[in-house]
Amino acid sequence: MDAARYNPPQLMFFRVRLFLTAAALLWLLPVARAATWDGPAADLARQIAQIAGPGPAKLVVRNNSSIAGGEIPVIRQLFERDLRGFGIVAGGSDSATVIRITLSQNVQGGLWVAEVQEGTERRVTMLRVSLDAPPAAPGGPMLTLRRTLVLSGPDPILDAAIFPVPGEQRLVVLEPERVAVYLRSTTTLAAPTATAPVWTESQSFPIAHSRPFPRDMRGRLFPAQDHLFDAYLPGVLCAGASTGGQLAVSCSDSDDAWPITSAQRAFYNSMRDDFTGILVPGFGMELAPFYTATDIPRTSGSAILLNEVNGNVLLVENAVAGLVSGTNDWGSDFAVIRSGCGSGAQVLVSGSGPAVTGDSLSAFEIPGRDAIPVSAPMPIDGSITAMIAAPDGTTANMIVRRDAPTRYEVWNVAALCN
Amino acid sequence: MLRRFAISGFLFCLVLTAGARTRPRYGGTLRMETTGDPWQMPDGVARRLVLDTLTTIGESGAAHPALAIRWESQDAAHRWEFVLRPGVRFHDGTPLTAESVIASLDQVCANGSIGPCPWSAVHAVGSSVIFVADSPVPDLPELLAQTGFDIFRKDSNGAMDGTGPFRVSGFQNGALILTANDDSWQGRPFLDSIAIDPHRAIRDQWLDLSVGNADMVEVPPEMLRQAQQQRLNVLVSRPVDLLALTIAPDGPLSSPGVRQSIALAVDRAALCNVIFQKQGEITASLLPESLSGYAFLFSTDRDLDRARVLRGGATLPVLVLAVDDTGASMQLAAERLVLNLHEAGFNVQIASSNSHPASLTLRRVYLQAASPRAALDEMLARFGQNGTVSGTDPASVWQSEQAALANATIVPLLWLPRAWAVGERVRDLSLSPDGMPSLANASVEGTQ
Amino acid sequence: MTLRQKLLLMFSLTVVGVVAAVAWTVSLRVRRVFEGLDREQTSALVAQFQREFDEQAADMAAALGRMADSDPLRRMAFEFSNGGDTAPYLTVAEPLAQEYRLDYLELAGHDGTIISSAQWPARFGYAEPAVADAGRPPFLKQEELPDGTSRVGLFAVRAVTGSNPPLYLIGGRELDAEFLRNFPATPGAQIYLYRDLTVSFDPANFAGSTPIPAGAAQFRQIVDQARSAGRNATGIVYLTRRREDSVDATAIPLKGADQSVLAVLVIANSRRGMVEVQNHIRAIAYGVAGIGILFAIAASLWIAARISAPIEELARAATQVAAGDWDTRVDIRAGDEVGVLARSFNHMVHELADHRDRLVQSERVAAWRELARRLAHELKNPLFPLQITVENMLRARKLPRIQFDEVFDESTATLQAEINNLRTIVARFSDFSKMPEPQMEKMDARDAVRRVLALYGPALDEKHIAIGTAIASEPLPIRGDPELLHRALSNIVLNAMDAMPDGGTLTVSASRSAESARIAVADSGAGLSEEECQRLFTPYYTTRHHGTGLGLAIVQSVVTDHFGSVTVERPDNGGARFVIFLPIAESVLALPESTA
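Protein chains in written order, with the working numbering: chain X, 1 to 418; chain G, 1 to 448; chain L, 1 to 596.
No lab work stands behind these hints, which were simulated from the structure alone. Do not rely on the hints blindly, as some may be mistaken.
Stated by the list, open to error - Counterexamples of contact, computed for chain G against chain X with all Cβ distances above 12 angstroms:
no., residue
1, Ile57
2, Ile69
3, Ile102
4, Ser193
5, Val309
6, Asp324
7, His342
Said to hold, decoys possible - Covered stretches of chain X (in silico footprint by chain G; criterion: 3 or more residues with CB under 8 angstroms from a CB of chain G, positions within the stretch not fixed):
no., stretch
8, 103–110
9, 115–125
10, 208–215
11, 267–280
12, 334–345
Note that the structure is predicted; figures quoted are calculated from it, not measured. Backbone N, C-alpha and C fix where the C-beta goes; we use that ideal spot for every residue, glycine too.
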């Protein structure tokens, strides 16, 4: 089963070590950042030297960008150094030449603008600068929930899972229009605060479909018996197989029911974003359309937890469906993990909690018909678009969409016992 | 400025994510009210929902696939090939073909509603549309994302039929009814229909929102504060409307010095801080700072003494200032400009029905593009300036803009955002980079 | 003009003169009384306006005071004093102005910087110097407006209660039609405001609580007078040519704080009522006068008739007497002078009738004598040859037969001739006595003239008499007997021929003279004496040695039978001219030319 875990212990260990050594590295931060800005500063200084002759000049640096204010002195020092290399000595406040550098940015990234003012004459030069600094470390779990970034990218992600291929692990990412396969990169992380492992795309398979996909796109990856995995999408079924170390994916139109529990499947409405309510095999009862269904361990055995389109959360136990109370704030996506804490199983639910700038994630237990929160809400700086239990059932994958700029992230969420 | 940008971004993000905890539900009708015509160019809401373009603009300003799934340029951007998305149909079931795209674009170019088209010829090769231009058009993909290049076909009644997520189903009680297109290539929208009640006064819109008769209403920039005080759920776009004063170079203001004098006499700070309640971005640039990154290079300072010197003792007739917008804030801004110019020695009157032709015009110009180069090209076209941006680097864009503004026929004043107040039952509504609501992705609560 | 008309005229003029004098006096007096009342009413109106104006100013200041005391304004001032942003309050002035029914309202900071302006929202940030007048009584101020115009308003400045630094409220009401409408309406009185004094007088600058009259331009004089003098100006202004449209106007200059005239208020008290009353009184006076005059005329008629009737009867009787009615008498109804006159008239007529009878008798005797003489004379002439012839025949009986026969034949011939002559004489007298009744018919007088000339033309030529004719080209229709007229004209022509034995010129003319056809026959003979002219138409009178003297008598008889007249004239160049006037028969004017 270890092969199915796509948040390997090695990486986790690295993260812990990273946090423990973060404070020690703080003093090295300016040096690291200086290395980041060294190239752009040198380039802009060169451009400045082309429009300003050597000699003393008054240097003014101001920041109109998202660069942290603490980095400005470092950048200024870089400019002073680089300009000096071109014979321009920054200093004299009474100098006739004023070099005004504005660290600006636009929709395409950083833009450093240098204005060389000599009397009434002004010359301008600009330089594009990448501001793709590594994202800040996400807030760690506060109480019992902990999440780990697996993958991040600009394209929508429906599901992601690591499937073992002989000799290595492959991260299969299901997107609306393709299935992408990633290999773990051997390069080191660019910044000490980075938390995402580095996956490199190795293969991509377009998903052919004859009908338009619904606007709220959903998809699931399931391990298959006779091949590597099945990818279920609205009206489409893809099969992935490993052949000689290479993956092959074939897709075709299909209205097959999707697996929702170990024993049951449900028909998905390919024009919408929900299941029709028809299960195979059925319960002998009629169900309303629902978004999510999963089996949940119960003392009596197993039950199915359903999140209906109308907002009701149903627990179908022993062929009896009952409303679960305390689910008013539940979102439409949840996953059941067997953490071993508490009753042993928790429902990770999107949406509840006091978040104002994004969704939140909370863990609940349902001892009877009441959902009882067992964790503090974990704020998520984005929208949770999918919650899928990992194949081993102890953790769950969470797909988050972040905006401005739009990015999709795959997080692995685990519940830690207090 | 940075703070304002941050606030705008904050609001932008706030509404984007608020209420996104559950999946959108299909069905329901969203009731929307507007002050303008929902079909107007270039920012008619209904037009955006019914018609598609070959490309769309992403957050970074780059073109994204829409009706065209890919494209490539050849011959140094003199020739472009756009490959159409297969399987797309107009609302009446007619397949989208390269020929229908060309017919649509030919109509657009022929009626001149968006000015001259930047290509000299367009023809079909299979499912591809080939554009050939005499001069390079490096930003054609971004250009084709503009509303003016909507792809449509006209039915037997002359009505426009598109491929968008909604189709026009008629009018009901004065409201334009759009119904969901089940076969939309982007997937059926969540809403069953959208009712757009046009030409509603802002106060009436807000009243309707407060009593639940509307789900989405407009919020003028100058009323953003008020909306926030009333705790309305507000969506605020990035700056997309440029308030600018245009000066006719062929009338009494033919002297560049006098035009420069006018540019120096205007008090942008008063317009921004008071009339537009600090919701705008003071500018002397044709592009907002967040888009170009260099807008600060254009001075926005008022220099009344220099304005008087530049005006000199020229004997000028009473100048007429026209306003191309009937909104109260625009009228107020025009009156303020009259006062500003009066201080510099200009005698200006606001245009009335019987006044002389205007030599000054206060305009509110809408910007769709979201990349600096395409945006400058768009603005130059909107202001009727000839030429396009020559290079692709920021310095070239800046130099082109500097050249366009050098003769002071355009005096940019403020960049303003667009804002919408949204009812509680609306979910997942966001604004596209051009400031317009993405209603196709929105849904409403309380529907099955 | 008859005596009665003269009397009537005299009486009427006298009455009309008296009535007119009375009416003019009454009218003048009434007008003066009413004008005096009108001036008093106008003065009262002006005084009332001043009171109302002061009350309006107090109301406005009170409204501003309430606003200054209101909680929202105090909260606003508190917020500003704590460094609050003023921008959100940009548009607060307009609803406040509406709430407190002010036309103008500006909120200004302690330094006079405008925070919000209802009348010119774009003026925020500019200085308002009126804050220096904070606390003063309401004052007039010229307020500049965005459209480039300016209006006069009644302003007050108050600081928001408890504000420190002060937050000023500069509020006012425009002196416009709405402001004037607040003043209590006085029937017939209108208040107009002349506002724009920066340009020359233009009636369009008037504002009023009622529509500005079309003749507002007539206020120019008093408005200019009030403007220039800075004092009230009064006068009667005629808005149209009709007196009813005149007003008793007072122009009041409205001054600003610097005593400059900002506007002129015109109180116009309509004189329509007064003029109408005057007209009514005048109409009554004229009616009474008219009736009086008519009555006076009727009375004058009666009196004149009473006075003139006996005299008229006398005159009529005199006329009848003059026409030959000698039996005419007048009634003697009174013993006054007219009665004496009537009695004397009757006596005189009686005497005249007697005298005439006697005269007629003597004339008849004279006529018979003349007739006898004429007959004797006429008959004596043939008798003498008869006597000679008879005596010759008697003597011839003694002659031989042949000679006797010769003498006999000659004598018998002579006898027959003379007897025929006698017969002719007798026939003439017989014809005169047997003048036939005229057979009237429609005819053209020119035809009678042409017929005579045609008949006697050859004879006139023989006698070397030239003919001159002047016959009108237009028909001269008359009703007459063609034969009798021919006979009369023939007699005149024959007389003329006889008057010109040695030749001469006969001039005949036919023309229209007034309502008569004038036929004139003039000869160039020896002419007639005055006495001959008077007796010419007397029967049996002749100036010739032969003739019966009946020719012209027949002429006169024929003309008289045709209701015409005949006269004889003595032209200056000699000869005689007979002129006949015959009445034109209008009914036959349309005679066709062919019948003429």
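Right, here's what the structure says about each hint:
1. The Cβ of Ile57(G) does not lie farther than 12 angstroms from every Cβ of chain X; its closest approach is about 10 angstroms, which violates its non-interface assignment.
2. Some Cβ of chain X comes within 12 angstroms of the Cβ of Ile69(G); the nearest lies about 10 angstroms off, and the non-interface call is violated.
3. With 12 angstroms as the threshold on Cβ separation, the claim that Ile102(G) sits away from chain X holds: the shortest Cβ distance comes to roughly 24 angstroms.
4. The Cβ of Ser193(G) sits about 15 angstroms from the closest Cβ of chain X, beyond the 12 angstroms cut-off, so the non-interface label holds.
5. Every C-beta of chain X lies more than 12 angstroms from that of Val309(G), the closest at about 15 angstroms, which supports listing it as non-interface.
6. Consistency note on Asp324(G): stated as away from chain X, and its beta-carbon is indeed over 12 angstroms from all of that chain's, at 27 angstroms minimum.
7. At the 12 angstroms boundary, the C-beta of His342(G) stays outside the reach of chain X, the nearest C-beta of that chain being 29 angstroms off.
8. Beta-carbon proximity to chain G at under 8 angstroms applies to 6 residues in the stretch 103–110 of chain X; the threshold of 3 is reached and the given coverage holds.
9. For a cut-off of 8 angstroms, the count of residues in the stretch 115–125 of chain X with a CB near a CB of chain G stands at 3, and the three-residue condition holds.
10. Taking a C-beta to C-beta cut-off of 8 angstroms, the stretch 208–215 of chain X contributes 5 residues in contact with chain G, enough for the three needed, and the coverage statement holds.
11. Interface restraint, the stretch 267–280 of chain X with chain G: holds (4 residues with C-beta to C-beta distance below 8 angstroms; minimum three).
12. Against chain G, the stretch 334–345 of chain X contributes 0 residues with a C-beta closer than 8 angstroms to a partner C-beta. That does not satisfy the three-residue criterion, and the hint is violated.
In summary, the structure is inconsistent with hints 1, 2 and 12 from the numbered list given earlier, while agreeing with the others.
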